[in-house]
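S.K.: Turn these sequences into a full structure, and let the hints guide you.
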Amino acid sequence: MANRVGVGYRSICALAREATWGGNIAGFRFTVPIRSETMEQTIENMISGTMFGKSRYRWMPGLITVGGNIVMEAQPRGQGNIWRALLGSVATTNVVPNYVWKHTYTIADNLPSLQIEIFKDMIDTLSGDEISFLYQGCKINTLTLAADIGEFVIITPTFVGKEEITQANQIPVLDIQNLRVFNFAQGVFKVGDSEANIYRFDITINNNLSTDRNRKLFSRYIKEPVRNAPIEVTGNIELNWEYSEDTKEWAYTFYNNFVNGQESGFEITFEGGSLATDKKEYLKLKCDRIFFNGESPKVGGPGIIPITFPFTAMYNTVTSNAELVVELQTGTSDPDD
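Numbered by my numbering, the letters in the sequence shown go through residues 85 to 421 in order.
Since the hints were derived computationally from the structure, they do not count as laboratory data. Small disclaimer: the values here were computed from a predicted structure and weren't measured. No residue lacks a Cβ here, since even glycine has one placed at the ideal position from N, Cα and C. Treat the hints with care, since some could be wrong.
Stated by the list, open to error - Distance windows between CB atoms, simulated:
hint: 1; residue 1: GLU322; residue 2: THR361; range: 31 to 37 Å
hint: 2; residue 1: TYR305; residue 2: LEU258; range: 29 to 35 Å
hint: 3; residue 1: ARG304; residue 2: ASN344; range: 49 to 55 Å
What the hints assert, rightly or not - Subject to a maximum C-alpha distance of 30 Å in a straight line, what follows is the list of computed DSS-like cross-link-like pairs (lysine-lysine):
hint: 4; residue 1: LYS186; residue 2: LYS274
hint: 5; residue 1: LYS186; residue 2: LYS368
hint: 6; residue 1: LYS186; residue 2: LYS364
hint: 7; residue 1: LYS382; residue 2: LYS370
hint: 8; residue 1: LYS274; residue 2: LYS368
hint: 9; residue 1: LYS364; residue 2: LYS274
hint: 10; residue 1: LYS186; residue 2: LYS363
hint: 11; residue 1: LYS370; residue 2: LYS274
hint: 12; residue 1: LYS274; residue 2: LYS382
hint: 13; residue 1: LYS204; residue 2: LYS307
hint: 14; residue 1: LYS186; residue 2: LYS370
hint: 15; residue 1: LYS274; residue 2: LYS363
M.R.: In structure tokens form, the structure reads like this:
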């Protein structure tokens, strides 16, 4: 058998929603390329405290912990199950019959779990088959979306899982023809009906899953994670400290909102390829109600003064909209795709 050195550029990932936590999958498995990942299984080995002279001689495998993150570029296909697993609920509308569907993901109490398979470029030394790592019972604890100038839109979900096993590689072949990604130039940021020029944006959703005390006697594995505290939606909006008569510069407005304790709201949309007639693929994140946690502008040198506004999203009691609503418009009726 020839030597094999594992390299990252041959790695690939597949995601599938589970019918039951840690059990069989409920739908199709979607293959997505990744930038990096930290998924792993750790075992807390136990060493006996029994005294036997100067030596220790008895140990046993203990608690199993599974989790990590996956860094990927946001795309209109293959990642719907991530948004569903993050927020919990989805409703689908057929915008153009047989051609265009809009999937709206909203916050719910019960979060679906995912089965994640990652090929880490290795072969079985006995059979010669390619092997992959299968992570079962994975729930999203946090997810960060970031948009920077000159970059693709990056999403980084962090998972809490039940079990890691190895198996023969079953990841479907990646459909290169449908591999489209969102980038910084395709976005628009709106406050109400007005566009705003921003220079960087990030948002983090924290489901606050129970990870520390989610154990039980007579098992090395965790119980199914549940929310241990209210969901938290926070982020940062970076602008230049400037004023423009075309009303697209919002730095001073945001600053006044911060100082005066006034609330705001926004939506950020990233458009993709054309679908039918005038419809395009898009990913939209909407926060109806936010408040700013700061800050004042600071002069760091002779150049343009930047300013970053950290924000926190809140439940909107008027519209009954939760802290975050995500829309994904695609050419498929499957909200997991």
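S.K.: Work down the list of hints and note, for each, if the structure agrees.
M.R.: Evaluation of the provided hints:
no.	hint	result
1	GLU322 x THR361: 31 to 37 Å	holds (35 Å)
2	TYR305 x LEU258: 29 to 35 Å	holds (31 Å)
3	ARG304 x ASN344: 49 to 55 Å	holds (54 Å)
4	LYS186 x LYS274	holds (20 Å)
5	LYS186 x LYS368	holds (11 Å)
6	LYS186 x LYS364	holds (11 Å)
7	LYS382 x LYS370	holds (29 Å)
8	LYS274 x LYS368	holds (11 Å)
9	LYS364 x LYS274	holds (18 Å)
10	LYS186 x LYS363	holds (11 Å)
11	LYS370 x LYS274	holds (10 Å)
12	LYS274 x LYS382	holds (25 Å)
13	LYS204 x LYS307	holds (27 Å)
14	LYS186 x LYS370	holds (15 Å)
15	LYS274 x LYS363	holds (19 Å)
The earlier numbered hints are all upheld by this structure, with none contradicted.
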